[in-house]
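Quick note, the sequences are listed as chains X and W, same order.
Numbering (the UniProt record's numbering) for the first sequence: 1 to 317.
Numbering (the UniProt record's numbering) for the second sequence: 1 to 317.
In short, the hints are calculated from the structure, not lab data.
Possibly wrong hints are sitting among the right ones.
Note that the list lumps identical chains together, so a pair holds whenever it fits in one copy or between two copies.
Within a straight-line C-alpha distance of at most 25 angstroms, the following computed SDA-like cross-link-like pairs (lysine to any residue) qualify [claimed, not checked]: (1) Lys82 - Ser224; (2) Lys238 - Ala68; (3) Lys56 - Glu118; (4) Lys293 - Pro61; (5) Lys56 - Ser224; (6) Lys293 - Ala231; (7) Lys276 - His58; (8) Lys293 - Gln95; (9) Lys276 - Ala189; (10) Lys168 - Gly55; (11) Lys276 - Gly215; (12) Lys56 - Pro72; (13) Lys276 - Ala221; (14) Lys276 - Phe29; (15) Lys82 - Gln63; (16) Lys168 - Pro61; (17) Lys276 - Glu227; (18) Lys293 - Glu223; (19) Lys82 - Gln67; (20) Lys276 - Thr214; (21) Lys293 - Val252; (22) Lys82 - Gly296.
Number of protein chains: 2
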Amino acid sequence: MTAQSPRIGIIGTGAIGGFYGLMLARAGFDVHFLLRSEYAAVAEHGLHLNSTVHGKLHLHPVQAYAQAADMPACDWLLVGTKSTGNVELAPTLAQVAAPGAKVVLLQNGLDVEDSLREHLPSSLHLLGGLCYIGVHRSGPGVVEHQALGRVNLGYHSGTAANDEAQQKAIVEEGAALFHQAGIESQAMANVHQARWHKLVWNVPFNGLSVLLGTGTSAMMADESSRELIQALMTEVVKGAHACGHEIPGSYVEQMLTMTDTMADYLPSMYHDHVHKRPLELAAIYARPLAAAKAAGCELPRMQALYQALSFIDRRNR
Amino acid sequence: MTAQSPRIGIIGTGAIGGFYGLMLARAGFDVHFLLRSEYAAVAEHGLHLNSTVHGKLHLHPVQAYAQAADMPACDWLLVGTKSTGNVELAPTLAQVAAPGAKVVLLQNGLDVEDSLREHLPSSLHLLGGLCYIGVHRSGPGVVEHQALGRVNLGYHSGTAANDEAQQKAIVEEGAALFHQAGIESQAMANVHQARWHKLVWNVPFNGLSVLLGTGTSAMMADESSRELIQALMTEVVKGAHACGHEIPGSYVEQMLTMTDTMADYLPSMYHDHVHKRPLELAAIYARPLAAAKAAGCELPRMQALYQALSFIDRRNR
């Protein structure tokens with residue numbers, strides 16, 4: 001790598017931040033990790049990745065920080081925290097960002113950038129990153145990677161808002177970083193469309209994993225839950241269409257096939273529920289439902305699932 | 001009571017059979033109880049009812065039987081078993097029924113009479129009984145009665161099939177039995193309409209009690225689950241309408257108000273799930289959904305609930 005190579009900051013080194021940060025560092029990038037509760041463990045023992053794709057990898061030493069104030073200014077910030085804390089995250093991002101830095105939210109759900117945007121300096125570019133990956137933490141600084149890895153990127157807002165060519169250049173620069181780390185990544189013309197695409201998978205699997213208390217394999221193997229998954233996916237495609245984003249009907253079949261080929265996977269919402277953390281219901285359910293409704297489109301199964309999850313989430317904390 | 005007083009047989013002395021049988025016996029009727037696992041306990045200690053309405057009642061001795069062959073011929077047979085076992089029950093009913101006897105299925109769900117009918121002697125009248133009651137077993141021969149008690153009766157099939165006046169007379173005779181025992185009872189002109197009415201309550205509360213693992217109070221108190229309950233009720237009204245049975249829109253409000261006034265209640269499906277018994281999904285979900293679909297009416301929330309419950313039920317046994 002040359003000295004001009006961009007400096008990358010990982011904000012929130014959980015499963016997602018840990019995986020992508022480690023892969024980028026391994027590819028030679030200058031990667032700095034912000035941690036909270038796991039700082040001591042990672043500073044001492046490094047980051048471990050147990051991957052069914054890449055084998056066992058160990059990053060040590062790690063450029064790890066317990067406070068944003070100690071970090072150098074970064075050109076790219078990859079945010080792997082929960083979308084429920086985006087507003088509170090703004091000062092940290094402002095502190096760590098180099099002038100004109102690109103902030104990428106590696107989060108699920110619709111419009112997760114909106115609440116953050118108004119609290120960010122206007123000079124920063126904000127992007128959405130949709131991760132198609134099966135990954136979870138198994139201990140402090142230990143990430144289990146089960147399948148896939150693709151990151152699809154889209155430009156959300158910033159000084160390139162009115163300059164499509166610049167947006168394209170930024171998003172392609174981001175995709176190139178991932179490519180150099182051996183990770184599939186696609187530059188998307190429209191971050192909203194990219195987020196609706198990802199919702200097709202997240203809406204059924206995140207919620208049903210909590211409601212039915214199980215992972216993807218059992219849900220896909222049972223005729224009734226599989227029909228329900230397919231019906232929910234079809235509703236999301238309908239909602240996207242109402243909001244002006246075309247998703248081909250074949251995409252539902254594609255997501256089902258992809259899930260069939262995966263090993264059993266427990267989505268992040270399952271883990272959040274087990275650990276009594278707040279569920280990401282606003283981003284994954286409430287905002288898409290509200291957007292569809294504003295466009296005159298009711299999604300009754302998704303709404304019923306959201307209502308049941310809201311009840312469960314409130315009782316779980 | 002005179003010697004002409006009808007002889008009543010209780011087939012399946014669980015919470016429902018135990019409650020109505022005890023109340024009828026207490027009113028002076030000649031009531032005979034068929035039991036299985038609880039025979040010895042009831043023969044020795046009698047039937048206990050702890051009622052918030054009627055206080056503590058004790059029936060002892062009880063005319064209890066472990067086998068249908070030992071029972072005298074009965075003019076009315078009140079069936080309190082699960083609808084999942086109706087076909088297997090036919091020989092028992094045929095054995096205990098007096099000539100021209102009336103068989104009343106005190107069960108929830110749609111068309112629960114149909115599978116039984118073809119296995120019953122054609123000389124027997126078959127009626128549906130819809131119980132609006134909060135009741136559960138707390139031990140062998142011990143019934144807890146929490147609220148309500150009404151039984152709505154409708155004629156299903158038998159030798160009066162083409163004689164509306166005779167149907168009316170039979171159903172009113174049945175209602176009169178309950179009235180004499182201090183129990184509200186209404187003769188309904190149409191058993192199918194009566195069953196759709198009852199589904200308005202059972203569809204949301206039975207299923208959601210399993211899915212959300214809680215009783216009526218918590219579900220009614222939470223804004224999200226209350227909205228889901230109301231939406232499910234509205235779908236059932238729509239399904240009934242498609243099948244030719246008008247239920248006034250105000251009925252949904254009425255059911256919500258009734259539930260608000262009840263003490264917390266765990267529906268029978270909750271107890272079935274906890275005890276790993278089969279859930280009554282065919283009667284309460286599959287058949288109404290199929291009937292509505294055949295009439296060109298989709299009920300997406302109810303279908304989603306049915307699919308989730310089917311998954312849960314299969315994994316629970």
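Homo-oligomer pair classification [Thr214, Lys276; C-alpha up to 25 angstroms]: Answer is both; intra-copy 16 angstroms and inter-copy 18 angstroms each pass.
Within, between, both or neither: Lys276, Ala221 at alpha-carbon 25 angstroms: Cα proximity of Lys276 and Ala221: across copies only (21 angstroms, versus 27 angstroms in one copy).
Intra/inter-copy verdict for Lys293 and Glu223 if alpha-carbon distance must be at most 25 angstroms: between (30 angstroms within a copy, 19 angstroms between copies)
Intra/inter-copy verdict for Lys276 and Glu227 if alpha-carbon distance must be at most 25 angstroms: between (29 angstroms within a copy, 24 angstroms between copies)
Same-copy or cross-copy closeness of Lys276 to Gly215 [CA-CA at most 25 angstroms]: Both ways: Lys276 and Gly215 sit 18 angstroms apart in one copy and 21 angstroms across, limit 25 angstroms.
Intra/inter-copy verdict for Lys168 and Pro61 if alpha-carbon distance must be at most 25 angstroms: neither (35 angstroms within a copy, 86 angstroms between copies)
Identical-chain pair category, Lys238 with Ala68, by Cα at 25 angstroms: neither (42 angstroms within a copy, 57 angstroms between copies)
Intra- versus inter-subunit Cα pairing at 25 angstroms for Lys293 with Gln95: Cα proximity of Lys293 and Gln95: none, with 38 angstroms in one copy and 58 angstroms across.
Status of Ala231 relative to Lys293 across identical chains (alpha carbons, at most 25 angstroms): both (18 angstroms within a copy, 16 angstroms between copies)
25 angstroms Cα threshold - placement of Pro61 relative to Lys293: For Lys293 and Pro61, neither the intra-copy (50 angstroms) nor the inter-copy (63 angstroms) Cα distance is at most 25 angstroms.
Up to 25 angstroms CA-CA - Val252 versus Lys293, copy category: This pair counts as both: shortest intra-copy Cα distance 21 angstroms, inter-copy 24 angstroms.
Intra- versus inter-subunit Cα pairing at 25 angstroms for Lys82 with Gln67: within (18 angstroms within a copy, 62 angstroms between copies)
When each numbered hint is compared with the structure, violations occur for hints 2, 3, 4, 5, 7, 8, 9, 10, 12, 14, 16, 22.
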